[in-house]
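Add chain V to chain Z, keeping to what the hints say.
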Amino acid sequence: MEPITLLLVLVCIIIGGLLSSLAVHLMPVGGAPAAMATATGIATGCVMLMTGASVTGLFTASTVASFWATNPNVILVALSGAVGSMLMMGFTMFVGNLIYIFGAGIVPCSGRVAVDPITKESQTEYKTPRTDGHGVPTVSFVSGILGGFSGGFGGALIYVMLVSDSYAHFSVATAGIVAMGIFIANAIIAAYNIGGTIEGFHDPKFKARIRTGLTCSLIVSALCGVIVVIAMLTGTLVGGVM
Amino acid sequence: MGEEEAKQEEKEEKAKPKEEFKLSFDYFNESRLGIFALTIGVLMAIFPGLPAFIKGVGIMIVFAWGADSVRKTARYGLGTGVPSIGVLAMGFGIIGGITGIAVASLSFGTLVVGGVEIAFGVLAGVVLLALLGFVSGNLANGDKFINMKIPGLERGMMELGMAGTLAVLIETSIVAGTYDITRVLPSVIDNGVIAVIFIISAFGMLQPLNTCLGADERRGRTLLMSIEIGGIAGIILGIVTTLTLSAFEGVPLIVLGAVVWVVFYRAYMKACMEEAYAVKGTGLIKTLGG
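These protein sequence lines map, in sequence, to chains Z and V. Under the working numbering, the residue at position 235 of the first sequence is numbered 235, and the numbers go up by one with no gaps. Under the working numbering, the residue at position 51 of the second sequence is numbered 51, and the numbers go up by one with no gaps.
Same shape as in the complex, but just chain Z:
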């Protein structure tokens, strides 16, 4: 295999890893408190939310990649993965909000900022005392959609580099599952970095921790990339049977 191909795959795995780490930091993650509507965000952990979004992205990406008999267009496939993840995040946040508003009877509001940076509406009056916000307010929704874009694009970029016959040329299933493995390894490091709940890009935590998260993600994705390149160098995975 050409050294430049190996280098391109390595670089794309690192870019994909960085984008997925960024995505986890953008998610409105509420964890267990959000299940009782006492924290802003979706009621699950970072890794589970992000894995769900990325797997949806991989489904759309693999469908779009199958439109080409050979050499799928990298950017188009990666963008289609982003669209899949954005849809998944959008539905999750929308249905979550429906349940919060009409089921639990609470007003979505941010607990970390006094004024919503997008709608400029005041948040403090709507926040129940001794809680950390509720539901998914507008700014968190936008942040979640951006996170879906970034994570889906990153995951699908890794996938298309692994599946494309001009790069790694793995079989569809191998490429998908390896892309998911790299994605999860990055998501968990980002989740450690967040340490609990985050609301989105307006959260003070985001500014304070994003640099550490991206540095760690760079190292982890570089190592994952080297391992995948070793697997590519053996040449045994090339041209998998469909």
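These aren't lab readings, by the way, just hints derived from the structure by calculation. C-beta atoms are modelled at their ideal positions from N, C-alpha and C, and glycine is treated no differently. Warning: the hint list may mix true and false statements.
[Said to hold, decoys possible] Derived list of chain Z stretches under chain V, where covered just means 3 residues or more per stretch with a C-beta under 8 Å from a C-beta of chain V:
id, stretch
1, 46 to 58
2, 98 to 109
3, 170 to 176
4, 188 to 202
[Claimed, not checked] Using 27 Å as the maximum straight-line C-alpha spacing, the simulated BS3-like pairs for lysine-lysine come out as follows:
id, chain 1, residue 1, chain 2, residue 2
5, Z, K120, Z, K205
6, V, K144, Z, K207
7, Z, K207, Z, K127
8, Z, K207, Z, K120
9, Z, K207, V, K149
10, Z, K205, V, K149
11, V, K270, V, K280
12, Z, K205, V, K144
13, Z, K127, Z, K205
[Said to hold, decoys possible] A few chain V residues that don't get close to chain Z, going by computed Cβ distances all over 12 Å:
id, residue
14, V42
15, V57
16, P151
17, G192
18, F248
19, A258
20, V262
21, M269
22, C272
Positioned in the frame of chain Z, the structure of chain V alone reads:
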């Protein structure tokens, strides 16, 4: 003299009432279980020609090790759920497993000595993932990076990487019977069995601590459940093996899995009943005379 001894015994029993189960993990403390499981796992992984039910015992031991590593990693509260740690182990495991299989499929990756296949190549995946786990543990714990200050996180993450990789490798060799990529691809990866392997192994590792987590969590009881899930995994893999290889390989694994499941489910339920202050049955599950 008899009375004094009896009193002594009674005292000891009162001080440690939890140590009297027959199925106890007291001998296998964290380090011994790790070394034992690593040895057994590596042996099972490099001989893909072993019968499926022997490798079934191997996955149960590897699951127990993985569950122990999840317990080590997650008991301090990470700010992310216990399930994520099990999924992380398998995310690592998939990368390492596929790399290991790719290396083992090379001409020098597998030696054939007297008709017996010895796949040394898979160890490359185990070693690389130990390195990746150690580096990510250091990133999470190092004071220049995330600085979580969790004792033993580096070791926990390293063991998770190795246990996950070994689980994927052994299960792949159960289902495909070899590491030859031309047979692994159609019978494990391209038909989606790899997703089943991913989720049952993740469950074997994450579910024990996730269910038993709490103030009275006891290591021996938690590990009983991981072996029980190993039994369920044996049944599922046995069915898959019957379809991919032959009933001769698959049926003994199903039987082994069913026996292990029943025995360890009973042992786990008994341990729960005896260690609980009081048990009130709801009638939904038969309470085993408790």
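Distal placement of C272/V relative to chain Z, Cβ over 12 Å: Per Cβ check, C272/V is outside 12 Å of chain Z; nearest 24 Å; holds.
Holds or violated: K144/V to K207/Z, with C-alpha atoms at most 27 Å apart: Roughly 17 Å separates the two Cα atoms, so the pair holds.
Hint consistency between K127/Z and K205/Z [alpha-carbon to alpha-carbon, up to 27 Å]: Holds, at about 19 Å.
Outcome, coverage hint (the stretch 170 to 176 of chain Z, chain V; C-beta under 8 Å; three residues): n = 4 at 8 Å, threshold three: holds.
Straight-line alpha-carbon gap K207/Z to K120/Z, limit 27 Å: holds, 20 Å
Minimum Cβ-Cβ distance from V57/V to chain Z exceeds 12 Å: With a cut-off of 12 Å, V57/V remains clear of chain Z, as the shortest Cβ separation is near 26 Å.
Claimed clearance of chain Z by V42/V, with the beta carbon kept past 12 Å: holds, 19 Å
K207/Z paired with K127/Z [C-alpha distance capped at 27 Å]: OK: K207/Z and K127/Z at ~23 Å, within 27 Å.
Pair hint outcome, K120/Z versus K205/Z [Cα-Cα no greater than 27 Å]: Holds, at about 20 Å.
Non-interface label on M269/V, tested against every C-beta of chain Z at 12 Å: holds, 27 Å
Proposed proximity, K149/V with K207/Z (alpha carbon, max 27 Å): This hinted pair holds, its Cα atoms lying about 22 Å apart.
Pair hint outcome, K270/V versus K280/V [Cα-Cα no greater than 27 Å]: holds, 14 Å
When the structure is compared with the earlier hints, violations turn up for hints 2, 17 and for no others.
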